[in-house]
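A.B. asks: For the protein sequence lines, the chains are A and B, in the order given.
For the first sequence, numbering that gives the first Met the number 0 begins at 0 and goes up steadily by one.
For the second sequence, numbering that gives the first Met the number 0 begins at 0 and goes up steadily by one.
There may be inaccurate statements among the hints.
Quick list of the computed label-pair ranges, beta carbon to beta carbon [to be verified]:
no.	chain 1	residue 1	chain 2	residue 2	range
1	A	G50	B	F12	26 to 36 Å
2	B	R91	A	E74	26 to 36 Å
3	B	A68	A	D89	17 to 27 Å
4	B	E61	A	P103	52 to 62 Å
5	B	E94	A	E71	53 to 63 Å
6	B	A68	A	V69	43 to 53 Å
Honestly, the hints are just simulated from the structure, not real lab data.
Because the structure is a prediction, the values reported are computed rather than measured.
Just so you know, even glycine gets a beta-carbon here, dropped at the ideal spot from N, CA and C.
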Amino acid sequence: MIRELRYERLIQASPARVFDLFTSPAGQREFYGNDAPGWVVDSRCELHVGGVWEIAFGPSPGELYRHRHVFEAIERPRRLLLATTETRLDGSRLAFSTEFTFAPRDGATLMTMVQWGFPSDELRDEHGRGLPHAFDRLARAL
Amino acid sequence: MGALSPTLDATFFALSDPTRRGILERLGRGPATLSQLAGPSGLTLNGIKKHVGILELAGLVETEKVGRARECRLGPATTLGEAGEWIEAHRRAWEGRLDRFERFVERAG
Numbered sequence: 000m001i002r003e004l005r006y007e008r009l010i011q012a013s014p015a016r017v018f019d020l021f022t023s024p025a026g027q028r029e030f031y032g033n034d035a036p037g038w039v040v041d042s043r044c045e046l047h048v049g050g051v052w053e054i055a056f057g058p059s060p061g062e063l064y065r066h067r068h069v070f071e072a073i074e075r076p077r078r079l080l081l082a083t084t085e086t087r088l089d090g091s092r093l094a095f096s097t098e099f100t101f102a103p104r105d106g107a108t109l110m111t112m113v114q115w116g117f118p119s120d121e122l123r124d125e126h127g128r129g130l131p132h133a134f135d136r137l138a139r140a141l
Numbered sequence: 000m001g002a003l004s005p006t007l008d009a010t011f012f013a014l015s016d017p018t019r020r021g022i023l024e025r026l027g028r029g030p031a032t033l034s035q036l037a038g039p040s041g042l043t044l045n046g047i048k049k050h051v052g053i054l055e056l057a058g059l060v061e062t063e064k065v066g067r068a069r070e071c072r073l074g075p076a077t078t079l080g081e082a083g084e085w086i087e088a089h090r091r092a093w094e095g096r097l098d099r100f101e102r103f104v105e106r107a108g
């Protein structure tokens, strides 16, 4: 079993509308935006399979997080599959998969984001087989 | 979202190996010496020492010399708390992005 983080939002617009806004430059900047004064978002996107969506964002030009998504599948207006790499302030990296789906639901769109492939995937598998209680807290947090 | 600390990196690395998770599972049932850990694993004493050393660096295991043996037990759970806190921060950051995008779509009409 692959451990995943799942997020859902019901958005009042059609799947095509949500998909198009999410893949637009304005939507992508907004996704990584913040109301804090001086917040920086620099987003560059090549919207095709194999293309790269790179974002640098943070509270100031000297303190930027970087996300690099490579498009592995683009199925408008239903699905996006991305190979995501986060680069932290210390330069270290965390890689995982991110999938967005856009499903019609009662005249709106159920937008679902699923992430998997974290280094702790195997931990959860082990937890299912009965790891000691010391790991219960981490498994719940996952 | 905060950066992963060296301690948290060490925790994830330590937990990525099935032999080390097996050691933790065994220690969850009570302390054991290196020899007792080596027995069921099929590893040499030196092999077990290496794995226990990695777990010890991550704070997941503590060892103590008892007579001629080295006894191992589960370490402080604080590192696991840090891992959980990081994952929660990760989740909050992405939840916030979706919230923001949802408001953007509503404004766009």
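A.B. asks: Would you pick out the hints that fail for this structure and give their numbers low to high?
C.D. replies: The structure breaks hints 3 and 5; every other hint is satisfied.
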